[in-house]
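Novice: Listed below are the residues making up each chain.
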Amino acid sequence: MRVIYILWLREVKKYLRSRTQVVASLGSPLMYLCVLGFGLGPVFQKAGEGSYLQFMAPGVIGMTVLFTSMFSGIALLWDRQFGFLKETLVAPVPRLWIMMGRTLGGATVAMLQGLLIFVFCLVAGFRPVGLLVLPLAVSIMALIAVVFAALGTVIGSSLKDMQGFQLVMNFLVMPIFFLSGALYPLTNLPKPLAVLTRVDPLTYGVDGVRAALTGVTHFGIPLDVAVLIAVAMVLMSAGAWRFSRIEI
Amino acid sequence: MIRVQNLVKRFGDLTAVDDISFEVRRGEVFAFLGPNGAGKTTTIKMLTTLLKPTSGVLELDGLDPAVERDEVRKRFGVVFQDPSLDQDLTAWENMEIHGVLYGVPRQERRERAEALLKLFELWERRGALVKTFSGGMRRRLEIARGLLHTPKVLFLDEPTLGLDPQSRNQMWTHVKRLNESDQVTVFLTTHYMDEADRVADRIAVIDHGRIVAIGSSRELKERTNTESLEDAFLALTGTTIRDESASAAEGMRQIARMWRR
Ligand SMILES: Nc1ncnc2c1ncn2[C@@H]1O[C@H](COP(=O)(O)OP(=O)(O)OP(=O)(O)O)[C@@H](O)[C@H]1O
Ligand SMILES: [Mg+2]
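Those sequence lines, one after another, are chains E and Z.
With the working numbering applied, the first sequence corresponds to residues 139 to 386, in that order.
With the working numbering applied, the second sequence corresponds to residues 21 to 281, in that order.
FYI, nobody ran anything at the bench for these hints, they're computed from the structure.
Among these hints, one or two may not hold up.
Unchecked claim - In silico BS3-like pairs for lysine-lysine, Cα to Cα no more than 27 Å straight-line:
(1) Z/Lys138 with Z/Lys172
(2) Z/Lys172 with Z/Lys72
(3) Z/Lys138 with E/Lys151
(4) E/Lys298 with E/Lys151
(5) Z/Lys196 with Z/Lys138
(6) Z/Lys151 with E/Lys151
(7) Z/Lys138 with Z/Lys72
(8) Z/Lys94 with Z/Lys72
(9) E/Lys152 with E/Lys329
(10) E/Lys298 with Z/Lys151
(11) Z/Lys172 with Z/Lys94
(12) Z/Lys72 with E/Lys298
(13) E/Lys329 with E/Lys184
(14) Z/Lys196 with Z/Lys172
(15) Z/Lys151 with Z/Lys138
(16) Z/Lys138 with E/Lys152
(17) Z/Lys151 with E/Lys152
What the hints assert, rightly or not - A short list of chain Z residues far from chain E (calculated; beta carbon distances all over 12 Å):
(18) Lys94
(19) Ser104
(20) Ser154
(21) Trp192
As the list claims (entries may be wrong) - Computed footprint of chain Z on chain E, listed as stretches where at least three residues anywhere in the stretch have a Cβ under 8 Å from a Cβ of chain Z:
(22) 149 to 155
(23) 226 to 232
(24) 248 to 256
Each residue gets a CB set at the ideal place from its N, CA and C atoms; glycine is no exception.
Construct the complete structure from the given sequences, taking the supplied hints into account.
Specialist: Below, the structure is given as C-alpha cells:
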C-alpha cells in the first residue's frame with residue numbers, strides 16, 4: 139500500500155509543481171469552451187436544443203480528463219527515456235503495484251484538471267442543476283480518468299520511444315474525443331457515426347457527467363457507470379499485463 | 021551467489037553476450053572489465069531482471085532472475101550506468117521513494133538517507149530539484165540512493181563515471197566497508213583499472229561478448245606477463261578502439277529499423 143501511495147504522491151506532486159504545464163493543458167479546453175460554446179450557441183438555440191454552453195460544458199470537462207489522463211499514462215515514455223522507470227522496475231515489489239500507483243496518480247491529476255475546468259465552466263455561465271449532484275459528477279469523472287489513464291499505460295508500456303506519440307494523439311485521442319458526443323447530441327446521427335460513438339468509452343463518460351450535472355442523458359447513469367467500470371477493469375488488467383512485460 | 025552458465029543475449033542479429041560462464045562467490049567483490057560495447061551492461065540487465073536472456077542459465081542466490089523475478093529483486097541493489105533519477109523531484113524525495121520501494125522502515129530510512137547524503141555532500145542540497153544538479157552531483161545521489169538499503173548483492177555499473185577523485189574515494193571506501201561488515205557481494209564494472217585493482221577480489225575481462233580471462237589482478241598480470249592491470253587489460257583486449265565498430269553497427273541497425281517501419 140505504501141508503495142502505491144508514494145508513487146501516487148509522486149504524480150500528484152509533480153503536477154502541483156508544474157504550473158506552466160497546468161496552464162498549457164488548460165488552453166485547448168478553454169478554447170473549445172469559449173469559441174465553440176459562444177460561437178455555436180445561436181445555431182444550437184435556433185435548432186431548438188437549448189443552451190449550447192450548457193450542453194457542451196460536460197463534454198469539455200470530459201475532454202480535459204481524457205487528455206490529461208492519457209497523457210499521464212504515456213508519460214511512461216519520458217520515465218523510460220530519463221531512466222526513472224528502471225528504478226521502479228527493479229524494485230522488490232510486484233509490478234502491479236507500481237502500475238497501480240502510477241495509473242491512479244495520473245487519474246487523480248486528470249480529475250483535478252477536470253475540476254479546474256469545471257470551475258471555468260461555471261465562470262463562463264454554465265449552471266448545474268444543483269450542488270448535490272457534484273459528488274456523482276466527480277465520481278463519474280474519476281471513472282473516466284481511470285479508464286484513460288489505464289489506456290495510456292497500455293500504450294506507454296507498448297511503445298519504445300516518443301516517435302509513436304504523435305500517432306497516438308492523432309489516431310486515437312482525437313477520435314475518442316470527437317466521437318464521444320462531447321460536442322453534439324447523440325440523437326439522429328447517421329448510422330456509421332452512431333455505431334462509432336457507441337464503442338467509444340468516453341461517450342458514456344460524457345453522457346454520465348452530463349446526466350449528473352444537467353439532467354440530460356442519452357443512456358442513463360446506470361448504463362454509463364456500468365460501461366465505464368467494465369472498461370476500466372479490462373484496461374487496468376491489460377495495463378498490468380503490458381507493464382509486467384516491459385524490458386529495457 | 022551468482023552463477024552464469026552459457027549465457028547468450030542477442031539483439032536481432034547482434035550478439036551482445038556470447039556464451040559466457042562465471043561464478044561470483046558470496047561476499048566477494050567481482051569486477052567486470054571490458055571495452056565499450058563488450059556486453060557488461062547487458063549482462064547486468066539480465067541479472068537484474070530487466071532483460072530476458074536469449075539462452076543460458078542464470079542464478080542469483082539460487083534463484084532464476086528470468087523466472088522468480090520478485091524474489092530475486094528482493095536480494096539485490098543496483099546503481100545503473102545511465103541516469104535513473106526522477107529529475108522533477110528533490111534529492112530527498114528520490115531517496116524517500118527508493119526507501120519505500122525497498123521496504124526500509126521509516127526511522128531507519130530517514131537516518132540512513134541523512135547519513136548517506138552527508139557522506140556524499142548532498143545534504144545541503146537535499147531540497148533542491150535534481151534537474152538543478154551538476155552531473156557529478158546526480159551521480160553521487162544515484163550512488164547514495166543505491167546504498168540506502170542493504171542488499172545481498174550490489175551491482176555497480178560504472179558507478180564512478182564522471183566523479184571527482186574525492187567522491188570516488190568516498191564511494192569505494194564505503195562499498196568496501198559494506199562488503200566487509202555486512203558480507204555484501206559486489207558486482208562492479210569500471211573503466212578505471214586502478215579502482216578494479218584496488219577493490220576487486222577477482223576480475224573477469226570480457227570482450228565482444230566473450231570472457232577472455234578471469235582471475236585475481238595478480239593472476240591476470242602473471243598470465244599476460246605485464247606490470248600493471250592496465251597493461252594486462254590491453255594485452256587481453258588489444259589496443260583498437262571499439263566505439264567505431266559499435267557505432268557503425270548501431271547506425272546500420274537504426275537504418276534497418278527505419279525500413280521496417
Ligand atoms: N537494447 C538494445 N538493442 C540493441 N542493441 C543493444 C541494446 N543494448 C545493448 N545493445 C548492444 O549490445 C552491445 C553490448 O552493449 P553493453 O551496453 O552491454 O556494453 P557495455 O559493455 O556495457 O559497454 P560500455 O562500456 O560502453 O558501457 C553493444 O554493441 C550495444 O550496441
Ligand atoms: Mg555499460
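Novice: Give a verdict on every hint.
Specialist: Hint check results:
no., hint, result
1, Z/Lys138 with Z/Lys172, "holds, 24 Å"
2, Z/Lys172 with Z/Lys72, "holds, 21 Å"
3, Z/Lys138 with E/Lys151, "holds, 25 Å"
4, E/Lys298 with E/Lys151, "holds, 26 Å"
5, Z/Lys196 with Z/Lys138, "holds, 18 Å"
6, Z/Lys151 with E/Lys151, "holds, 15 Å"
7, Z/Lys138 with Z/Lys72, "violated, 37 Å"
8, Z/Lys94 with Z/Lys72, "holds, 18 Å"
9, E/Lys152 with E/Lys329, "violated, 44 Å"
10, E/Lys298 with Z/Lys151, "holds, 24 Å"
11, Z/Lys172 with Z/Lys94, "holds, 9 Å"
12, Z/Lys72 with E/Lys298, "holds, 16 Å"
13, E/Lys329 with E/Lys184, "holds, 25 Å"
14, Z/Lys196 with Z/Lys172, "holds, 14 Å"
15, Z/Lys151 with Z/Lys138, "holds, 19 Å"
16, Z/Lys138 with E/Lys152, "holds, 26 Å"
17, Z/Lys151 with E/Lys152, "holds, 13 Å"
18, Lys94, "violated, 4 Å"
19, Ser104, "violated, 4 Å"
20, Ser154, "holds, 17 Å"
21, Trp192, "holds, 23 Å"
22, 149 to 155, "holds (count 3)"
23, 226 to 232, "holds (count 7)"
24, 248 to 256, "violated (count 0)"
Consistency note: the structure conflicts with the earlier hints numbered 7, 9, 18, 19 and 24.
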